[in-house]
Structures are given as C-alpha cells and as structure tokens.
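Chemist: Listed here are the chains, written in short residue letters.
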Amino acid sequence: MKRTPLYENHISLKAKMVDFAGWEMPLQYEGITSEVMSVRKAIGIFDVSHMGEIVIEGDDTVRFVDYLLTNSFGSLKIGQVMYTTMCNENGGIIDDLLAYRLGENRAMLVVNAANTDKDFRWIVERSSGFAVKITDVSMDYGLIAVQGPSSEEFLKRFSADITGLSYYTFGSYTIFGKFCIISRTGYTGEDGFEIYCKWKDTPFIWEELLVRGQAFDLKPAGLGARDVCRLEASYMLYGNDMDDHTTPLEVGLSWVVKFEKDFVGKESLLKQKEEGLKRRIRGLEILDKRIARHGMEVFREGQKIGTITSGTFSPTLGKSIALAMMDNQVKISDEVEVDIRGTKVKAKVVKLPFYRGSVKS
Amino acid sequence: MMKKYAKTHEWVQVEGKVATVGISNFAQDKLGDVVYVDLPQVGKVVKKGETLMSIESVKAASDVYAPVSGKVLQVNEKLNDQPELVNKDPEGEGWLVKIEMTNPNELNELLDEGAYKKHCEEEE
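Going down the list, the protein sequences come from chains C and P. When we follow this note's numbering, the leftmost residue of the first sequence carries the number 1, and every step to the right adds one. When we follow this note's numbering, the leftmost residue of the second sequence carries the number 1001, and every step to the right adds one.
Just to be clear, a hint being listed does not mean it is correct.
Listed next, the in silico BS3-like pairs over lysine-lysine satisfying Cα-Cα at most 30 Å (straight line) [as the list claims (entries may be wrong)]:
{"hint": "1", "chain 1": "C", "residue 1": "319", "chain 2": "P", "residue 2": "1098"}
{"hint": "2", "chain 1": "C", "residue 1": "16", "chain 2": "P", "residue 2": "1088"}
{"hint": "3", "chain 1": "C", "residue 1": "344", "chain 2": "P", "residue 2": "1098"}
{"hint": "4", "chain 1": "P", "residue 1": "1007", "chain 2": "C", "residue 2": "14"}
{"hint": "5", "chain 1": "P", "residue 1": "1007", "chain 2": "C", "residue 2": "289"}
{"hint": "6", "chain 1": "C", "residue 1": "2", "chain 2": "P", "residue 2": "1030"}
{"hint": "7", "chain 1": "P", "residue 1": "1098", "chain 2": "C", "residue 2": "289"}
{"hint": "8", "chain 1": "P", "residue 1": "1078", "chain 2": "C", "residue 2": "289"}
{"hint": "9", "chain 1": "P", "residue 1": "1088", "chain 2": "C", "residue 2": "319"}
{"hint": "10", "chain 1": "P", "residue 1": "1003", "chain 2": "C", "residue 2": "16"}
{"hint": "11", "chain 1": "C", "residue 1": "344", "chain 2": "P", "residue 2": "1048"}
{"hint": "12", "chain 1": "P", "residue 1": "1030", "chain 2": "C", "residue 2": "16"}
{"hint": "13", "chain 1": "C", "residue 1": "289", "chain 2": "P", "residue 2": "1047"}
{"hint": "14", "chain 1": "C", "residue 1": "289", "chain 2": "P", "residue 2": "1044"}
{"hint": "15", "chain 1": "P", "residue 1": "1044", "chain 2": "C", "residue 2": "319"}
{"hint": "16", "chain 1": "C", "residue 1": "344", "chain 2": "P", "residue 2": "1071"}
{"hint": "17", "chain 1": "C", "residue 1": "351", "chain 2": "C", "residue 2": "266"}
{"hint": "18", "chain 1": "C", "residue 1": "346", "chain 2": "C", "residue 2": "304"}
{"hint": "19", "chain 1": "C", "residue 1": "16", "chain 2": "P", "residue 2": "1078"}
{"hint": "20", "chain 1": "P", "residue 1": "1078", "chain 2": "C", "residue 2": "348"}
{"hint": "21", "chain 1": "P", "residue 1": "1030", "chain 2": "C", "residue 2": "319"}
{"hint": "22", "chain 1": "C", "residue 1": "344", "chain 2": "P", "residue 2": "1047"}
Label pairs and their computed distance ranges (CB to CB) [said to hold, decoys possible]:
{"hint": "23", "chain 1": "P", "residue 1": "1088", "chain 2": "C", "residue 2": "217", "range": "18 to 28 Å"}
{"hint": "24", "chain 1": "P", "residue 1": "1080", "chain 2": "C", "residue 2": "243", "range": "32 to 42 Å"}
{"hint": "25", "chain 1": "P", "residue 1": "1092", "chain 2": "C", "residue 2": "124", "range": "54 to 64 Å"}
Everything labelled a hint here was simulated from the structure, so no lab data went into it. None of these values were measured; they are calculated from a predicted model. Glycine included, every Cβ here is placed at the ideal spot set by N, Cα and C.
Starting from the given sequences, assemble the full structure and let the hints guide the process.
Modeler: Shown next, in the form of structure tokens:
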C-alpha cells in the first residue's frame, strides 16, 4: 500500500488508518463529527497528498488540454484554476479534476487518487499529433488542504500576500521558509487554501501548521470529515456520484461543459442535451436520522425511480442527507421513499447545496 | 453482578433473569460517531446470535446480535435523542436493551472480561 509523506505524522496523532484507492490514509483522528465542526467553525487541515498531479507542457498545451477537458482551459489566465470534467466519447466522466494554468504552455491537472493511472494512460493515448510532454509528478508533491472560515486570517501570518488570492487562483509562495504553490481552492464548502509542496517538505509544513494553528483551534481532519464536508457542500465524489457511465449533465455539472469548443465527448453530450435528460442527481433530506447509503433504492408511489449515490448524517445541519440519481421527472419538494435495509423511510427532494459555508465565489 | 461478552462485541450484565445488553467500548471505537440507534420493539423475541437491532454511525450501519435468547423488556429511550451516549459511555449509560432470558445457560458460552480482551487483541 502507498503512503503519503505524512504517514508517520498520522500514526503519531493516533489516526485510524484505512485503505483508500491503494493509499494508507487517515480516516479520522478525534472523530468525524468534531473534525467537521473544526472545519465549519475554525480550521481543519487535511492530508490530500494522495491526489494525482499530471503536468502537461509544450507548444500545443492549450489546444490539447482544451480537447481533453469539457471546461475551457484556453480562457484561463496564468495563475487561474478551473474545476472540470474529462469525458470519454460517450460523454461518460473519466474523472473530475482541477486544471491549473501554470504558464503560457504549461498545465497541471490535479486528479483523483483512484484515477491517476487511468487518467495518465488516457491522456497519453490521446496526445499523438500534439506537441506536448506529459509527466505524472504525483510522487514529487505533497498536498495539504487548509480549510475553514479562519484559514485566511491564519495563513496570512506566514504567507503575507495570500490575501490577494481570489477564489480559484493560485501563486508561488514560501511558507515556513519552504517553496510551495498555494491555491484558494478546496472541497469542503468553506474558504480555504491548498498547499502544494515538495514531498520531503510536507511533514515540516504539516507540523508547523498544527503547532501554530493551536491559537486558531486548528485540528487535523481525516477522510471521513472530508466526505461529510463535501457532501454538505454538495460536491460530487467520483466513484460514488459519478463514473464512466454518468455524464456531467446528469450530475449537475453542465456549468463545466463548454459547447462552443471541441472536446472529447462533445457530440454525445450535445445529443443528450438536445434530447433532454432522463435522469439526474438531486439532493434528498431524509426525514429520519437513518442514513441513506450508496446503492440504496429510491421509490415514489411504489415505483423505483432512482438510487442513492452518497449519503451521510450532517452534523452541521443535524439531518440525514443524501444525493440520489433519479428519474428527471422527480422535482424539488417531491416526497420520495428510500429503502434503508428493508424500511421505507420518507425523504424530501431539496435544492442543492445542502449547506453553504464561508467559501468564496 | 456478572458481566460477559460475546465475540460479536456485545456485553451483558445479569441480574436474576434480566440481562442488560450493550456494545463494548472496543465496538463503539470501531464504529465511530453514532448518529442513530434503531431500537427494537419492546416485546420482541430474539434467539441468541440473531439480529437484535442496528446502530448507525457516520461510517456504517452495524447489526447488534442478541448475546442471549429472550424477550426485550425495556429499551434505552434516551438513545433516541442522545445516540452519542453509545460512544461516550457504551458500557454504562449507553446500554441498549434489557432482555428477559429464556435460557440463562447460554451465558456459559460467553466470554469473561479477560478472554474478551484477548479476543479483541486478536481482531486488532
């Protein structure tokens, strides 16, 4: 199993470790609920060094990346980031990722750990005829996410000019004397930053953050809290809410699909758009404290109309919430039922996001 | 009062024919933050080893098995509003149900504290 540069740090914090996409990762330290509260009320720091980073460079970078991704990379200025999907010819999502415009002819794609190898192969296979060099640099960089309403107040003490970073931009900085890239991005619904640093510098930066963050009630947070936070904020999770057989339109990501340019999957997505969606992801509030989990069936008037893709108990809202891929006939405020281990539990279709935190927009 | 444990991580504490049942500290730690306790109906009849009820944590839903056979006499209503008691005090205030035993001999098949501790170490 692979280990991030922070493995020893997690062990000394007595984290519960789990296998996540072949990586030995911290599921939780003190407990998922209290870690979610740290992120919502103060600051949580997450080890996300398992994420994959793929660098694309060369004269055809912009043309090539725009061909790969559904969102418009060409419209990014250097120093800007975008969220996007990467699709196959059928419009199915290969991965969702962040694309960084590092330079005129230089891009960095930050991809899901479970998909790094698949993505890399896919990208290389499509690169013939383009003047690009593609490198998987995942094992060169550590990544720490600093998330929560006090993140800026805290980090600006050590990296003075991050205040100038607006949402979805990044820059080169030093923090605690180490070079890094800091971007104002995250996966929690709170304001926050992600620090890309050298693999070997990661433990030092992590420890400094923990020690200096005490005055800000900063706490380490694990994958469990990360999943709860992202679900409260209604961010989709690859492998749960979407996969190769779902399209960005079906999971509410039509805003990252730019039909005015060419990209892999465009024709299929255009066809789906014209014909209308048969199904789409919507939010459910479970009217009970039971948790609807991935794969459970959703019914309306006795008819099966969909499947739960993600569900959790939201400590922030004090409610059980879920995402479900359902027949597109199902509308906001409709009442449905979820089969939770044999019991039909009532649920209400609600508008997303479930929760809006301090995240900038 | 005698306290015994099942290999499936339930404990029982016996007073006469009544067994108070809960999950062990080891089990609550594995489960993580409990958010919902699906208590059985009072009067439910269970056989040793059968599913008695379930507990949901943020991570997963887990079945709780009846460590002894009998009839559910009482459930811990407090858990409806404070499911976190299962984490805070699993072997005290976080008890789950009281069962009127039909076959107290079954207690002999359960582990005492020392044997249970060993069993947990093997599972770690």
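Chemist: Identify every previously stated hint that the structure contradicts and give their numbers, smallest first.
Modeler: Violated hints: none at all, because every hint is consistent with the structure.
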